[in-house]
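S.K.: Sequence:
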Amino acid sequence: MTFDDCTPHPASGSDEVGIACETADDTMFALAFERFGGPEVLSLVERPIPLPGPGQALVRVLSAGFGHWDVLEREGALAPFASDAPVFPYVPGAEGAGTVVEVGAVVQRLREGDRVCGLLPLRSPKHGFHAQFVVVDVDHLWPVPPRLTLPQAAALPVDGGLAMHAVAVALALGPGDTVLVFGASGGIGHMALQFARQRGARVLAVASGADGVALAERLGADMAIDGRRHALAPALRIFAPDGLDAALLTAQTPNAGVIVDALRSGGRIAWPRGVTAPPVRDDIASSTFGAGAGARQVHAACRAAARGPFHLHIDARFPLADAAAASRAIGRHHPGRIVLDVP
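Residue 1 is where the sequence shown starts when you use UniProt numbering, and the numbers rise one by one after that.
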């Protein structure tokens, strides 16, 4: 089964273009793999459209997030952390956005036609958002914030939840706090920058490349530097001469020691799992966080995105059929997020 019989069609919103595909009334197209491996294991298959059970909704997916976790999932690196053994063919996709087409019993919060974004935590044997339809527990679906397009909303749940946890819980930022966001042009970082500014904090953004610095400046950073080209210590002295209140590390850095040294006594530092822990200091609070913490903060991230000002930056969009190209793009420099358009 391929997309040979698919034709482009306009979707709601000027930047939302879909593809009409011919399938049987009770089947859908999905991206799937029969075994773990590289991009070559992915293929488009025709699958039965799932049915929602009690407390669930069936969503017509129009856009799906694509992140490094999707690559790890395809390679099998996340399988040891799932609650159940993987069931093949395996349809990936942790996050996405679309329209509710059916709800199960006892569901009152959602109805047919609602635009929603959703999150599926490590979900074997459930199928994911890299398909035309997906069943999601309604507790993991949220209304699309009015300021966001569907592609933007599709990329909000994973990184937005992690960014909100970092800003609101791990670092507990408030008005007047000075915070360094390292990796400020990445998925988590560029959202954390904005959530911090919403809470009244002053932000030193360490971004990647001239395009990353330009993005951080557009999003409201009080000071932005290119971490690849500029020395960090002088920028820290200028930005917070009395010491930083907090720091968020969203990427690996050889300057972790410099950042820790710049924190005042009583300061806070946090980083997502997968980033190497910074040096320890007895007089600062250090914490790491993972996907579970982020999942609990998606609703707050959606509220913050709706309240604004907020912009979720999409660097590239690929057709669902070209997930291999999206995998290659993930490994290259790119500010913001990458998404898949679902036909």
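Worth flagging that the hints you see were computed from the coordinates, not collected in a lab.
Built from N, CA and C at the ideal position, the CB exists for glycine as well.
One or more hints might be untrue.
Taking CB as the label site, the calculated pair distances span [what the hints assert, rightly or not]:
1) 233 - 210: 32 to 38 Å
2) 85 - 233: 47 to 53 Å
3) 226 - 34: 50 to 56 Å
4) 252 - 306: 28 to 34 Å
5) 126 - 229: 29 to 35 Å
S.K.: Against this structure, judge whether each hint is valid.
M.R.: Tested hints:
no., hint, in the structure
1, 233 - 210: 32 to 38 Å, "violated, 21 Å"
2, 85 - 233: 47 to 53 Å, "holds, 49 Å"
3, 226 - 34: 50 to 56 Å, "violated, 43 Å"
4, 252 - 306: 28 to 34 Å, "holds, 33 Å"
5, 126 - 229: 29 to 35 Å, "violated, 44 Å"
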